[in-house]
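Q: So you can see what is in the structure, the chains are spelled out below.
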Amino acid sequence: MLESKGRFGIHGGQYIPETLMNAVIELDKAYTLYRDDPEFNKELTDLLNNYANRPSRLYYAENMTKDLGGAKIYLKREDLNHTGAHKINNALGQALLAKKMGKSRLIAETGAGQHGVATATAAALLGMECVVFMGKLDMERQALNVYKMRLLGADVEAVTTGTATLKDAVSQAMREWTNRIDDTHYCIGSCMGPHPFPTIVRDFQSVISREIKWQLQEAEGRDTLPDAVIACVGGGSNAIGSFYHFIDDKSVKLIGCEAAGRGIDTRETAATINTGRLGIFHGMKSYFCQDKYGQIAPVYSISAGLDYPGVGPEHAYLHDIGRAEYVGITDEEAVSAFEYLSRTEGIIPAIESAHAVAHAMKIAPKMSRDQIIVITLSGRGDKDCAAIARYRGQDIRD
Amino acid sequence: MSNIAKAFEHGKAFIPFITCGDPDLETTGQVVRAAVENGADLIELGIPFSDPTAEGPVIQEANIRALNAGVTTDKIFDFVRDLRKDVQIPMVFMTYANVVFSYGSEKFIRTCSHIGIDGIILPDVPFEEKGDFDPICKKYNVDLISMIAPTSEDRIAMIASQASGFIYVVSSLGVTGVRNEITTDIRHMTALIRSSTNVPCAVGFGISTPEQAEKMAAASDGAIVGSAIIKLLARKSFHVRGRIFFFVVR
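Heads up: the sequence lines are chains A and B, in that order. Every number in the numbering used here is 57 more than the matching position in the first sequence, counting from 1. Every number in the numbering used here is 49 more than the matching position in the second sequence, counting from 1.
There may be inaccurate statements among the hints.
[What the hints assert, rightly or not] In silico EDC-like pairs for lysine to aspartate or glutamate, Cα to Cα no more than 16 Å straight-line:
(1) Lys157(A) to Asp212(A)
(2) Lys157(A) to Glu186(A)
(3) Lys349(A) to Glu230(B)
(4) Lys124(B) to Glu86(B)
(5) Lys99(A) to Glu83(A)
(6) Lys62(A) to Asp181(B)
[Unchecked claim] Quick list of simulated restraints, FRET-style, between CB atoms:
(7) Asn117(B) to Arg447(A): 23 to 31 Å
(8) Lys349(A) to Lys55(B): 29 to 37 Å
(9) His237(B) to Glu186(A): 25 to 33 Å
(10) Lys157(A) to Glu202(B): 51 to 59 Å
(11) Pro106(B) to Gly184(A): 42 to 50 Å
(12) Arg159(B) to Thr89(A): 51 to 59 Å
(13) Arg130(B) to Leu90(A): 47 to 55 Å
Worth flagging that the hints you see were computed from the coordinates, not collected in a lab. Glycine is no exception: its CB is placed at the ideal position from the N, C-alpha and C atoms.
Generate the whole structure from the sequences, applying the supplied hints.
A: Next up, the structure:
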């Protein structure tokens with residue numbers, strides 16, 4: 058029997074139809090070849106720096122630090138990247154890899170629309186075709202991003218099955234990939250799915266923690282490490298990118314913030330690690346929100362980007378070994394943090410990222426002034442303003 | 050020897066696929082018995098899953114209808130116990146990895162063996178991952194059915210050499226659902242399979258007419274028909290139900 062590939066402890070693997078096996082094997086071989094290829098890395102770094110505006114700033118949030126009166130707070134400004142989120146790091150990496158593999162067409166799923174916009178952008182830049190699958194409900198929640206994707210030349214296909222959100226978009230993208238493999242790369246948006254995707258996405262996002270490390274040393278002196286790194290977790294790509302280069306630095310607390318929706322004790326939640334069980338879905342073994350018969354639960358969060366019933370296998374593993382902590386943040390806490398950061402620092406964060414800000418607001422006051430928290434602001438909040446206004450009872454039009 | 054082999058003893062096997070509980074288990078029972086009367090050789094019973102990633106719209110909708118009507122794995126086990134009082138032909142479950150895994154793989158497969166289920170098809174468990182299920186299947190003498198796709202190529206010998214029960218030959222790229230035309234060279238695939246194993250192979254995915262079923266069976270050992278049957282069933286008329294089995298009676 059062949060050995061299962063891409064395991065993080067018991068998690069991960071390649072639970073996909075036979076039709077796709079040669080495609081992921083081909084991808085694995087290509088990635089193994091290019092990940093250490095100086096030419097490929099030079100091209101990617103050039104795209105990240107000159108096109109996507111990296112390195113992103115590590116900003117000392119002085120107002121927030123003073124206001125909370127505890128740990129020193131830094132914000133990793135992924136929101137300042139081109140297209141407004143960390144998603145571009147992975148989209149450019151995968152698009153470039155796909156191009157090297159001779160693929161001419163990218164397909165992708167999207168929840169909040171940020172990964173869809175990033176993929177459509179990379180496709181436009183590299184001259185590739187692009188089709189984005191998006192739940193119909195999410196298309197309504199994130200109409201502006203739908204317009205952007207189409208403006209960038211992508212086809213956006215509405216997914217009406219199931220809950221018409223991110224998980225259904227992933228399922229539909231997988232179905233489409235089995236239909237057309239030869240010229241098509243599935244540019245998956247998070248550190249999930251079958252091997253090698255969780256590793257590929259993690260590697261392309263790990264630029265976040267690589268930069269945090271040297272930027273913090275530049276700001277705070279040699280050998281300075283943060284005491285905590287906080288990021289939001291849906292599938293978990295910005296979090297794994299923020300954690301990766303700190304995993305071996307045991308003094309650094311790694312905290313992932315899951316979307317608790319209306320609370321982890323309610324059914325209206327998307328906090329997978331806090332409420333889910335071990336399962337097999339979307340190509341991987343990991344934790345999933347599901348019923349006793351293994352039917353995937355309809356999850357809920359105000360944030361379309363965190364509204365997913367599973368979590369990347371490496372997070373499941375970091376949870377199992379106790380290396381990272383995963384906490385639930387409710388809609389109300391996230392919206393309050395969204396408003397707080399806007400008012401305090403003049404930065405409007407994505408509602409996803411606001412989940413991480415909310416947790417920092419809880420723990421910073423209890424920490425000492427010589428301690429350091431880094432919050433990854435995974436994206437900007439422009440896309441969320443209309444929805445948050447509605448949440449607060451104001452009807453504004455995009 | 051696998052009980053499934055009996056399905057292939059009388060020439061080409063006709064294998065209807067039926068989603069359990071669509072729209073209710075009583076109807077599923079009627080359809081299974083009608084299929085048996087009309088000469089079905091093996092029945093593929095679908096246990097619905099909320100997010101069936103290998104299915105096209107027709108079977109996706111059947112799954113949703115069945116789940117909304119309240120069918121569960123335990124109810125399906127009871128249903129099969131009852132069915133086995135008079136249905137003798139081999140029967141296999143087709144479902145997704147999480148349905149088995151979440152129930153407890155050992156408990157699920159042991160129950161299959163007790164109630165007379167001869168095999169399990171899990172479209173999201175490729176060769177590399179069968180270690181989760183295959184040792185337990187062997188322990189309880191339930192065949193884990195291997196699938197071979199048009200893209201399998203250099204993997205065919207590896208998969209076929211470890212196959213048991215029958216081999217599910219996926220006729221086309223993409224998901225389940227009726228197709229006007231099947232363009233894959235099935236004869237070429239079955240020839241490669243037969244150079245590695247004597248386990249029979251049946252072709253499924255996209256078979257929409259009796260003519261197609263005949264053609265696919267001619268190139269292999271049998272034909273699996275799913276979406277075309279579900280589509281007719283969805284129209285809910287008893288008269289239509291009779292028509293389903295003109296696949297069989299031909």
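Q: None of the hints should be skipped; say for each whether it holds.
A: How the hints compare with the structure:
| no. | hint | verdict |
| --- | --- | --- |
| 1 | Lys157(A) to Asp212(A) | violated (23 Å) |
| 2 | Lys157(A) to Glu186(A) | holds (15 Å) |
| 3 | Lys349(A) to Glu230(B) | violated (40 Å) |
| 4 | Lys124(B) to Glu86(B) | violated (24 Å) |
| 5 | Lys99(A) to Glu83(A) | violated (23 Å) |
| 6 | Lys62(A) to Asp181(B) | holds (13 Å) |
| 7 | Asn117(B) to Arg447(A): 23 to 31 Å | holds (29 Å) |
| 8 | Lys349(A) to Lys55(B): 29 to 37 Å | holds (35 Å) |
| 9 | His237(B) to Glu186(A): 25 to 33 Å | holds (30 Å) |
| 10 | Lys157(A) to Glu202(B): 51 to 59 Å | violated (22 Å) |
| 11 | Pro106(B) to Gly184(A): 42 to 50 Å | violated (32 Å) |
| 12 | Arg159(B) to Thr89(A): 51 to 59 Å | violated (40 Å) |
| 13 | Arg130(B) to Leu90(A): 47 to 55 Å | holds (53 Å) |
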